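Student: As a plain string of letters, each chain reads:
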Amino acid sequence: MPTEAPLWSFEKLSTAFPSDGRVWTLARFADRAHEKFGKEIVTWPDAPPPNLSAVIALGGGTLIDRAKVWRHHESAATKLFAVPSMWGSGAENSPVAVINGAGEKEIFLGAEYLPDARLIWAELAQGASELRRRNACGDTWSHALEGFLSPIASDALREQLASVIRGLLRLGAADDQGWFELSARACAGQAQSSVGLVHGIAHVLEPRLGTGRTALGHAALCRTFAWPVFRYDLGSPKVVGLLKNFGLEVSAIDDVLRGFFDREIYRELQPDLAEHWKKVLRDPCTRTNSVVVRPASLSYFTEEKFDE
Amino acid sequence: MTNREKLRDLLIDVFLLEDDEFDFSLTQEQIETWDSLGTVSMAVGLEEAFGHHMTPEQAVEVESIQGIIDYLTSCGVSFAD
Numbered sequence: 076m077p078t079e080a081p082l083w084s085f086e087k088l089s090t091a092f093p094s095d096g097r098v099w100t101l102a103r104f105a106d107r108a109h110e111k112f113g114k115e116i117v118t119w120p121d122a123p124p125p126n127l128s129a130v131i132a133l134g135g136g137t138l139i140d141r142a143k144v145w146r147h148h149e150s151a152a153t154k155l156f157a158v159p160s161m162w163g164s165g166a167e168n169s170p171v172a173v174i175n176g177a178g179e180k181e182i183f184l185g186a187e188y189l190p191d192a193r194l195i196w197a198e199l200a201q202g203a204s205e206l207r208r209r210n211a212c213g214d215t216w217s218h219a220l221e222g223f224l225s226p227i228a229s230d231a232l233r234e235q236l237a238s239v240i241r242g243l244l245r246l247g248a249a250d251d252q253g254w255f256e257l258s259a260r261a262c263a264g265q266a267q268s269s270v271g272l273v274h275g276i277a278h279v280l281e282p283r284l285g286t287g288r289t290a291l292g293h294a295a296l297c298r299t300f301a302w303p304v305f306r307y308d309l310g311s312p313k314v315v316g317l318l319k320n321f322g323l324e325v326s327a328i329d330d331v332l333r334g335f336f337d338r339e340i341y342r343e344l345q346p347d348l349a350e351h352w353k354k355v356l357r358d359p360c361t362r363t364n365s366v367v368v369r370p371a372s373l374s375y376f377t378e379e380k381f382d383e
Numbered sequence: 117m118t119n120r121e122k123l124r125d126l127l128i129d130v131f132l133l134e135d136d137e138f139d140f141s142l143t144q145e146q147i148e149t150w151d152s153l154g155t156v157s158m159a160v161g162l163e164e165a166f167g168h169h170m171t172p173e174q175a176v177e178v179e180s181i182q183g184i185i186d187y188l189t190s191c192g193v194s195f196a197d
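Just so you know, the protein sequences line up as chains A and B, in that order.
First residue of the first sequence: 76, per this note's numbering; consecutive thereafter.
First residue of the second sequence: 117, per this note's numbering; consecutive thereafter.
In isolation and in its complexed conformation, chain A is listed as follows (with noise of 0.2 Å):
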């Protein structure tokens, strides 16, 4: 089965992209792919129609994840290519598409999910604000780590995600095709495994979150809570070791996910946490973390344990 799609260049698409194919895009980024790509557009949140030979969907992981599952529920023969706007959910190289529901987060797996293509545009993420930034580097961190310690995951994934972390180690925050693609091998590496608690909690809080408190999305979540998951991780000797074995310095994670941290919004969003505990624990993702989360670990949490 395919887990990764494959990369290609502008160069080679404009050879390859059928007279009838449209691009489906958010309204910010409709000039500059029109002008990049001289195809029609599609805007956002509107759909194109089925059965065109190819849509080339440009724009976050949202946009991505619900044009991989359009095509495969509504349009089945059109050839999918993806253009991510920004590093961090890696939805252009995943079989996984995950769709925001009322309330909820509907999970689709397989590898007719995966784009038949995907393409990196770094400069897209140029006007990004450094908040921005951040998170989705919070979110690439969080899909890399979490699928090198998934315990369903294998030695020779493990080799693979080690090498995303070292990369990750090294990367400079203005390395943005760097970011693009380790955070695509991040996401493909971590579909072969599983993610963990920081996904289990980003699931359950992103859409109980209400707009007249805080509203963070996905990727603010998991960069939110790397910090704090690692260190309870790392309560177990297990992976520690993990991490040895595999080359992986365990202070320089540390200090890497700790910067990302912040004191003020985790400390805001622990009312939602409490609240919502039980269903964390029931989260798929939660119950292939790389340490059992018990209910009882949610004080570890509230009490802020990480950071003694």
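Honestly, the hints are just simulated from the structure, not real lab data.
This one's a predicted model, so the numbers in the text were calculated from it and none came from an experiment.
Built from N, CA and C at the ideal position, the CB exists for glycine as well.
Incorrect hints may have been included.
As the list claims (entries may be wrong) - If you want the footprint, here are the derived chain A segments under chain B, 3+ residues with CB under 8 Å:
no. : stretch
1   : 350-361
2   : 364-377
Unchecked claim - The calculated DMTMM-like cross-link candidates involving lysine to aspartate or glutamate, where the alpha carbons are at most 25 Å apart (straight line), are:
no. : chain 1 : residue 1 : chain 2 : residue 2
3   : A       : Lys353    : B       : Glu177
4   : A       : Lys87     : A       : Asp106
5   : A       : Lys354    : B       : Asp129
6   : A       : Lys111    : A       : Glu86
7   : A       : Lys180    : B       : Asp129
8   : A       : Lys354    : B       : Asp136
9   : A       : Lys354    : B       : Glu137
10  : A       : Lys354    : B       : Glu164
11  : A       : Lys353    : B       : Glu164
12  : A       : Lys114    : A       : Asp191
13  : A       : Lys111    : A       : Asp250
14  : A       : Lys154    : A       : Glu115
15  : A       : Lys319    : B       : Glu164
16  : A       : Lys180    : B       : Glu121
17  : A       : Lys380    : A       : Glu324
18  : A       : Lys319    : A       : Asp382
19  : A       : Lys114    : A       : Asp250
20  : A       : Lys87     : A       : Glu256
21  : A       : Lys313    : B       : Asp129
22  : A       : Lys313    : B       : Glu121
What the hints assert, rightly or not - Distance windows between CB atoms, simulated:
no. : chain 1 : residue 1 : chain 2 : residue 2 : range
23  : B       : Glu163    : A       : Pro77     : 51 to 57 Å
24  : B       : Gln174    : A       : Ala203    : 43 to 49 Å
25  : B       : Asp136    : A       : Ala231    : 43 to 49 Å
26  : A       : Asp329    : B       : Gln174    : 31 to 37 Å
27  : B       : Arg120    : A       : Glu324    : 36 to 42 Å
Please arrange chain B on chain A, whose structure you already have, making use of the hints.
Tutor: For chain B alone, coordinates are given in the frame of chain A:
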């Protein structure tokens, strides 16, 4: 805490049971949350609590709480308490 109590507490948490739902005679069929994810979580928890690693093959073969006890006993864990 005895090993029996330790196992009880672990499985209540792993399978998301209430205290009064747990019984050592339960089988996998009787525990709704003992699905594939429950099997993964069980294996992780047993290694954490008792120090013995279960292979995936061993984990899927266990179909009851008594089966878990039998596995741990074969690893040298005593439940004679």
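Student: Compare the distance between the alpha carbons of Lys354(A) and Glu164(B) with 25 Å, and conclude whether the hinted pair is satisfied.
Tutor: holds, 23 Å
Student: Need the status of pair Lys353(A), Glu177(B): alpha-carbon distance at most 25 Å?
Tutor: violated, 28 Å
Student: The stretch 350-361 of chain A covered by chain B? Criterion: 3 or more residues, Cβ-Cβ distance below 8 Å.
Tutor: holds (count 3)
Student: Is Lys114(A) within 25 Å of Asp191(A), Cα to Cα?
Tutor: holds, 18 Å
Student: Is it true that the CA of Lys319(A) sits at most 25 Å from the CA of Asp382(A)?
Tutor: It holds: about 22 Å lies between the C-alpha atoms, which stays within 25 Å.
Student: Starting from the hint 43 to 49 Å, judge whether the C-beta atoms of Gln174(B) and Ala203(A) obey it.
Tutor: Roughly 47 Å apart at Cβ, these two residues keep to the hinted range, so it holds.
Student: Has the given pair, Lys354(A) with Asp136(B), been kept, meaning a C-alpha gap of at most 25 Å?
Tutor: Given pair Lys354(A), Asp136(B) holds - Cα atoms ~20 Å apart, limit 25 Å.
Student: Does Lys87(A) pair with Glu256(A) here, judged by a C-alpha cut-off of 25 Å?
Tutor: At roughly 18 Å apart (the allowed maximum being 25 Å), Glu256(A) and Lys87(A) satisfy the hint.
Student: Note whether the CB distance of Arg120(B) and Glu324(A) lies within 36 to 42 Å or breaks it.
Tutor: With a Cβ separation near 40 Å, Arg120(B) and Glu324(A) satisfy 36 to 42 Å, so the hint holds.
Student: Next pair to validate is Lys111(A) with Asp250(A); report whether the Cα-Cα distance is within 25 Å.
Tutor: holds, 22 Å
Student: Next pair to validate is Lys354(A) with Glu137(B); report whether the Cα-Cα distance is within 25 Å.
Tutor: Measuring from Cα to Cα gives roughly 19 Å; hence the hint holds.
Student: Are Lys114(A) and Asp250(A) close enough, with their CA atoms no more than 25 Å apart?
Tutor: Since the Cα atoms of Lys114(A) and Asp250(A) sit roughly 29 Å apart, the hinted pair is violated (cutoff 25 Å).
The structure fails to meet hints 3, 16, 19 and 23 from the earlier list, while all remaining hints are met.
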